[in-house]
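Fit chain D to the given chain B structure using the hints.
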Amino acid sequence: AQKITQTQPGMFVQEKEAVTLDCTYDTSDPSYGLFWYKQPSSGEMIFLIYQGSYDQQNATEGRYSLNFQKARKSANLVISASQLGDSAMYFCAMRERSNDYKLSFGAGTTVTVRA
Amino acid sequence: EAQVTQNPRYLITVTGKKLTVTCSQNMNHEYMSWYRQDPGLGLRQIYYSMNVEVTDKGDVPEGYKVSRKEKRNFPLILESPSPNQTSLYFCASSLSASGSIGETQYFGPGTRLLVL
Numbered sequence: 546a547q548k549i550t551q552t553q554p555g556m557f558v559q560e561k562e563a564v565t566l567d568c569t570y571d572t573s574d575p576s577y578g579l580f581w582y583k584q585p586s587s588g589e590m591i592f593l594i595y596q597g598s599y600d601q602q603n604a605t606e607g608r609y610s611l612n613f614q615k616a617r618k619s620a621n622l623v624i625s626a627s628q629l630g631d632s633a634m635y636f637c638a639m640r641e642r643s644n645d646y647k648l649s650f651g652a653g654t655t656v657t658v659r660a
Numbered sequence: 003e004a005q006v007t008q009n010p011r012y013l014i015t016v017t018g019k020k021l022t023v024t025c026s027q028n029m030n031h032e033y034m035s036w037y038r039q040d041p042g043l044g045l046r047q048i049y050y051s052m053n054v055e056v057t058d059k060g061d062v063p064e065g066y067k068v069s070r071k072e073k074r075n076f077p078l079i080l081e082s083p084s085p086n087q088t089s090l091y092f093c094a095s096s097l098s099a100s101g102s103i104g105e106t107q108y109f110g111p112g113t114r115l116l117v118l
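Protein chains in written order, with this note's numbering: chain B, 546 to 660; chain D, 3 to 118.
Keep in mind that the hints were calculated from the coordinates and are not lab data. Warning: the hint list may mix true and false statements.
[Said to hold, decoys possible] Derived lysine-lysine pairs resembling DSSO-like cross-links, with alpha carbons at most 27 angstroms apart:
#1 D:K59 x B:K548
#2 D:K71 x D:K19
#3 B:K548 x D:K67
#4 D:K19 x D:K67
#5 D:K19 x D:K59
#6 D:K73 x D:K20
The model shown is predicted, which means the values in this text are computed figures rather than measured ones.
Next comes chain B alone, as it looks inside the complex:
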């Protein structure tokens, strides 16, 4: 069964606007962490933001914020004030305490920022 689902294969956003990337997850483990990575066209994986299952507040890192809705099992990434350099593939990933040896990744969402 797919543990991480990203339903948006590709998105376009206007420069300076906000964009929300959807991520839903499936786990029965009460202890888990959710990660977002950015992959620019050069190919490297860049860690953006992390949310723990027991964290009371939504995580934020600069222009990135994570809209964590535990009951709905969703962990959407919000990028505010989009920049041309935000054009990339974005991956949502999960690590469960019961399987702490690996990250399970979604299929990714490609974001293209238009000037």
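For chain D alone, kept in the frame of chain B given last:
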């Protein structure tokens, strides 16, 4: 500079010709892992290692081998590559696998492999 390095970055080979992709980290991390990335599938774990001499299969281990003789190195070996192993490969490391659930995995730059 703390980093994970992979070599080669690009490789074109032919079916059946054994190859090794090297991975090295300079952060004294215990945990290392290999992933492959394919369109529409995201990254899938091939093998991982909790520490020296301790390795185990991930989700897609068929056709691959690994070894962990030293803490810093975790090579990925394709004994007889086939075209379905054409992919983008990432090595990753973290301080430990059983530490904080939020422990970040650091990724290498990736190796693009084409098997003809």
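* Asked: What hint numbers does the structure not satisfy?
  -> none
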